[in-house]
Amino acid sequence: MRNILLTVTALATLVVSPLAASAEPKPRGDITVGLAFDLVNPWAAAYDAAFKKTAGELGIKIVVLDSQGDVPRQSNNLRDLVAQQVDAIVLLPNNKKAVIPAVREAHDAGIPIVLSNGRVDESGEKYVVAWTGPDHHLTGFRSGELLAEALGGKGRVVILTGTPGTESSIERERGCRDALAKHPGIEVLDSQPTDWKREKAQTVTEALISRFGDKIDGICANDDGISLGALSAIDAAVVSGRVQADHIKVTSGAAFAEGYQTIKKGGSFYGSVLMPPEQDAALALTTAVRIIDGETVPKSQFYETPAFSRANIDQTPIPNF
Amino acid sequence: MFQDAVLGKSRLAFQRLGVALPFLVILGLVATAAPTLLEPSNIGQVLRQSSIVGVMALGMTFVLISGRVDLSIGSMLSLITMITIDLHDRVGPGVAVIAALGVGLGIGIVNGILVGFLRLNALIATLAMLSLLQGATMIYSNGRDLTVAAPGETWFAFIGRGQVYGIAVPILIFLGLAALLGFLLHKTSYGRRVFAVGGNETTSAFSGLRAPLIVASTYVISGLTTAVAALIIGSRVMGAQTNTGVGYEFEVIAAVALGGTSFLGGSGSIAGSVIGVVILAFLQNGLLQMGLPYYLQWIVSWVIIILAVWTDAASKRKKVLV
Amino acid sequence: MTNSATQPTDDVILSASGISKSFPGVRALDDVSFTLRKGEVHALCGENGAGKSTLMKILAGVYQPDGGVIRYDGRDVALTDPLAAKQLGILLIHQELSLVPELSVAENIFLGSLPLKRFGRVDGARLRADTRQALDRLGCDFGPDDIVSTLSIARQQLVEIARAVAFQSSIVIFDEPTASLTQQEADHLFQTIRRLSESGVTTVYISHKMREIFEISDRITVLRDGKVSGGLTTRQSNEDEVTRLMIGRDLDHYFIRAERQEGAELLRVEGLTSGPVRDISFNVHRGEIVGLYGLVGSGRTEIAEAIFGIRPLESGTLSWEGEVRSIRSPRDAIALGIGLVPEDRKHQGLVLGLGGSDNLALPNLGRVSRLGVIASGLEGLLFEDYRKRLSISTAGPKQPVLTLSGGNQQKIVIAKWLAVAPKLLILDEPTRGVDVGAKAEIHGLIAKLAESGLAVIVISSEMPEIIGVSHRILTIADGRLTGEIAESEFSEDRLIAAVTGHVWADETPRPQAA
Amino acid sequence: MSAVSEPIDGLGRDSTNWAATALTAIGLWARRYPVWIFLAAALVFFSLKSPHFLSVFNLSNILLQAAFFGFLSIGLTLLIISRNIDLTVGSVAGLAACLAVGLQPSLGLWLPIAIGLGAGLAIGLLNGFLVERAGIDSFIVTLAGMIGIKGLAFAFAGEESISASIDLFNELGALRIGRIHAIALLFLALLAIGHYVLKHTKYGRETYAIGGNRTAAVNAGVRVSRHVIIGFAISGLLAAFCGIAMAANMGAAMPAFGLGYEGWAIAAVVLGGTKLSGGSGRIVNTLGGVLLLASLRNGLNMIHVPAYYVLVTIGGALILALFFDTQFSRKPRQG
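Respectively, the protein sequence lines represent chains E, G, L and C. Those letters in the first sequence? Residues 33 to 353, by my numbering. Those letters in the second sequence? Residues 78 to 399, by my numbering. Those letters in the third sequence? Residues 2 to 515, by my numbering. Those letters in the fourth sequence? Residues 164 to 498, by my numbering.
Hints may contain errors.
As the list claims (entries may be wrong) - Distance windows between CB atoms, simulated: (1) Ile148/L to Arg196/G: 22 to 30 Å; (2) Arg196/G to Thr234/L: 51 to 59 Å; (3) Leu372/L to Gly169/G: 30 to 38 Å; (4) Glu490/L to Arg196/G: 42 to 50 Å; (5) Pro277/L to Gln490/C: 21 to 29 Å; (6) Lys93/E to Leu348/C: 54 to 62 Å; (7) Ala193/C to Asp67/L: 54 to 62 Å; (8) Ala289/E to Pro214/C: 36 to 44 Å; (9) Ala110/G to Ala203/C: 53 to 61 Å.
Derived from the structure by calculation, the hints contain no laboratory data. As the structure is a computational prediction, the values presented were derived from the model and not from experiment. The beta carbon of each residue, even a glycine, is placed where N, CA and C say it ideally should be.
Work out the full structure, taking the sequences as your base and the hints as a guide.
This is the structure we're talking about:
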């Protein structure tokens, strides 16, 4: 479906920003950029840190507002940023539809919005100046492709998702399914949520192994935390003899440092997808500042999230979270 | 209120059976749909999975019997797990375990002071603590997850992953603590005081009991059991996430309520809570094994919990005068 | 308005015949029949558990009888719920006041049938006017807008009675109305009942207090074990006859005063000041029973609470066995050897959901446990001991006290304090809501305790009781000690004189609705 | 109690006295309802700390944010006064939002809204039925319902958010009257109705009676069970209002709307001085609690408290408010 996107990868659509400002640029010290996102996981924490670091380098002020995964609250936070008359907003939307009216209000108030690491629906794109960063769907797609590769295009698979209803979980699951659907030899047995918790991933995997026994050939997880939880369950099942060692292959979206090391060691954990928050944050913030400066920026600055497995792990940088 | 009061002790045995009975029927039905549910290996697994909620439910039972509630346990679980894992690699597993218990004790004391001595409303005060401790977890870890560097080389693994005579250590901890705390609640003068304070605080004060201290002490127990749960979860995962404990408070309360402990205080039992915990764990596992989508699992749990409590309430009513 | 009759007439307003009611395991009423005449005061007697309350609740529509017929005003009626009974004109005034503390007097009176205007709005003006009228007819000194929780118990009771007036009830049932009232308040209540009676209202009066029954009633129906054991005309009967019908045997005496064997001074209170209580000084000796008499709200309970460490002292000292001691909590008091049987048994004396032995053990946990572990054997023995000594009837030590009669509940409270082996026992209204038999037992027990050397303080608003048991009476009014009366000078007039000036503020006649 | 006025001359005398009396009255009132003091303190503090806080834009913003969980607090005030609790309100909001938006393509604008409200009402009735007729404690009934109803919403809507397909719906959600959001006005209007119901209607007065002394209410002939069931229905209906209002404002709906809002809503009610033990409380003070929490959340954003510390600060502020509340509003013992 969204495979077209792949072909357009990195093809920065050269739509010129509507806010081609004419006035002279503001001095850096007077610039304030707002960041609206959910500070609920290590990836976001690393993003936050990188955002602060970049702001320091650019010499600008930032306001960071966390909506704790609550969708209406993100709209509230956007309005709070509008009330403070920030110069631009970097938004990691936690819902691609519900956030649009608030985005529109910011747009109407003359505040440029840069989307990072997520999109809004088509109907809202006109209120957004630029979009940067990777894409959850593609991350999921890559993890699915990787699993298909590990299984040789054939086998039975379960998908472990994050918290039901969160944008990253929805998109990654869909991406994963889209990739697996390309391989007719692969059957998806079930998909269950884990709330992004390792312990729950372990519990769920244990139940799935009880249910399917050695019928499971692969697990496609939404992030490395989930993968690692699932691996604990697999290890225990191997010890108790219900599952053959290294039979089940696991891949996931969003690589963590621990996942990286585990993949390196070899075993069930086949590979993961890099989603480096540093570049993401830096790109988003720099783009915002360029817009404030009156520069013309590409509407879309998409970049590829590379998948890796043990085979090419040495060429892959270690995630720092 | 009348029923709860009357049934507080004398009919507890019956009452417990009352909840368990419809559940056993339902479980039977679930098991026909998911035959693997009752395989010995799965039973062991479910019991082990239930131990985390279970250990916390033991502490919650004390709090509920004293007529209060503790919503802060979810965040507390996250924070203590985080501290434990952090200290494990920086200082060593021994210190980490002691620190975990110490932090659980400390937070329990704070909760106890707020609710017991300052007499703040338990629901809102511990809700506030829920938010506060979640923030503390984030600040402590700077939002990062932590993992034990060498999970294969620490005796800490024994707590969550070990086995004794083929029985998982978490089950032993759960049942051992259940026996210990059951003894404390039902056989000691302290336990009697907890029942008395929950049953009637004024009478307790008039009888020379130190009600604030007793209420506070139940929070300390809850803090300590949460710390033990944190050790199990930390050892099982060999890591800590900032969201480790999110939502646990409701699961724990649901299990304890299912076990027949009254929200009005003054009645309940450890055995009931253990049964409630185990029932809930089997239900969740069974529905998962039936292959229901998650939302159907939620709906079915809702219906089943209501039906079970309803049957129980109806059977209670029949047995009681007016 | 029906205020023509001045004498009770022979018109039967209500007749109940063959009423039966069972609860699981208990046959509460068995073929009970009786009649009520218009304008009479009909007393209903019986020990706790005899079925009085059940019968009255049936008349008030709270319970449905299993069998029997109720005829009201000449026709058969079905009293399906409280509202139906209320609409017929039958109103039950509960023993435990049936008021909502946060609502106003007017709202309480008309609760369940608040007058409405458009948009469901409560018609405040009408509500107030109707209430005012009812209150005036009863001569109340408070207004429709007063919040009930700010009123004294006696006034709260008047609010309930005002309901009867407001709804022009033809039958008003009082369930132990004077349990929380002082003598003066009770007298005032009797005046009110007579006033109702004169206007043709029938009163059913349930009480354990013989004196009141003979003072106020025209006829008496006695229940025993769910059956009518006798129907009497008050003027042709006497207390002994009623008592015999109630308990099925003769009751020797009401009051056994202890032999006075006064020992050394045990407690000395000097200048005690706490809350409403100011500058109280008195002492108690071993073997002595000191009566503390005063109106509700006079501060008598507060004195007890101050001695027992529940209320902080603002000033004053307590000397115990000659030494000044500070008692900051009930623990301190218990450690010295003081026990308090509190005024409000259900809220302060018992944990209703727990069994008798559990309640008994509460202040004695140290005694029944070893290293903090309860020795159930010891606990059982302790309970068994007191069950025998106080003849408490329970199904077993673990039977929840909620299901026991008032008398047995009170005995458990007393037993709980006797078990701490106190040197001083304070009993606040020890026989409130307790039936005749148990009452006599409790009085006998108090005497026995004093004879064994215990110092006892009895607080009561029942004059016969306080006169009957005490060796010495202290009178309290308005938070101050107003007198000390020696045994030789006991008389009701002396007591009343010592506390008057603080009786009903509305003794002065009020304008009344014609 | 005593007035602090010192009359200086005949002319100023009256006014001084009047002012003093007014001050005393305000003081007494504030002691009884300290939430307004907390609110005033918060407003002053944030105004001093942030130049943007006191702008009309931001204040109308706070009002909108307050409305989001405020709807829930209205129904909960009624229920808590009658000594019950409803933890399902957050989930019901999500379900109603999904129904109202998800059915738009097939049923138009108004019918789906009615269905959403109807679902809230129905779940409220079910909760009430379970509490009153089945005799289960409301905490357990609604705790179980909280999860189950979320399941219903996911079953209906799936995981993804649904866009509102009818423009009028979004326009209504974005509508402002003057500078104030229509949703905020709707909230205030419903609050006023709630106030009217509690204070002036038979239903309201009986609510206090049931919470204050249930037996008395039964004896007086109040149909207690029916009353409580209606109370739950009102709570469900208001929760549905909340969800639909949020959906209209955001032009989309998803099952996770309102998740965890029950905590905020109950906290607001309790901060407003309504006791969980039932029988007392005023809905205007619930408004105080709602505004306090909304200002706190907004204010902490305005003064740039670091994200993690927002959680700590809100928790701490809640505890402090609760503490002062118990210190201030100790009522004299009833005589």
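| Taking each numbered hint in turn, which are not upheld by the structure, reported in ascending numerical order? | 6
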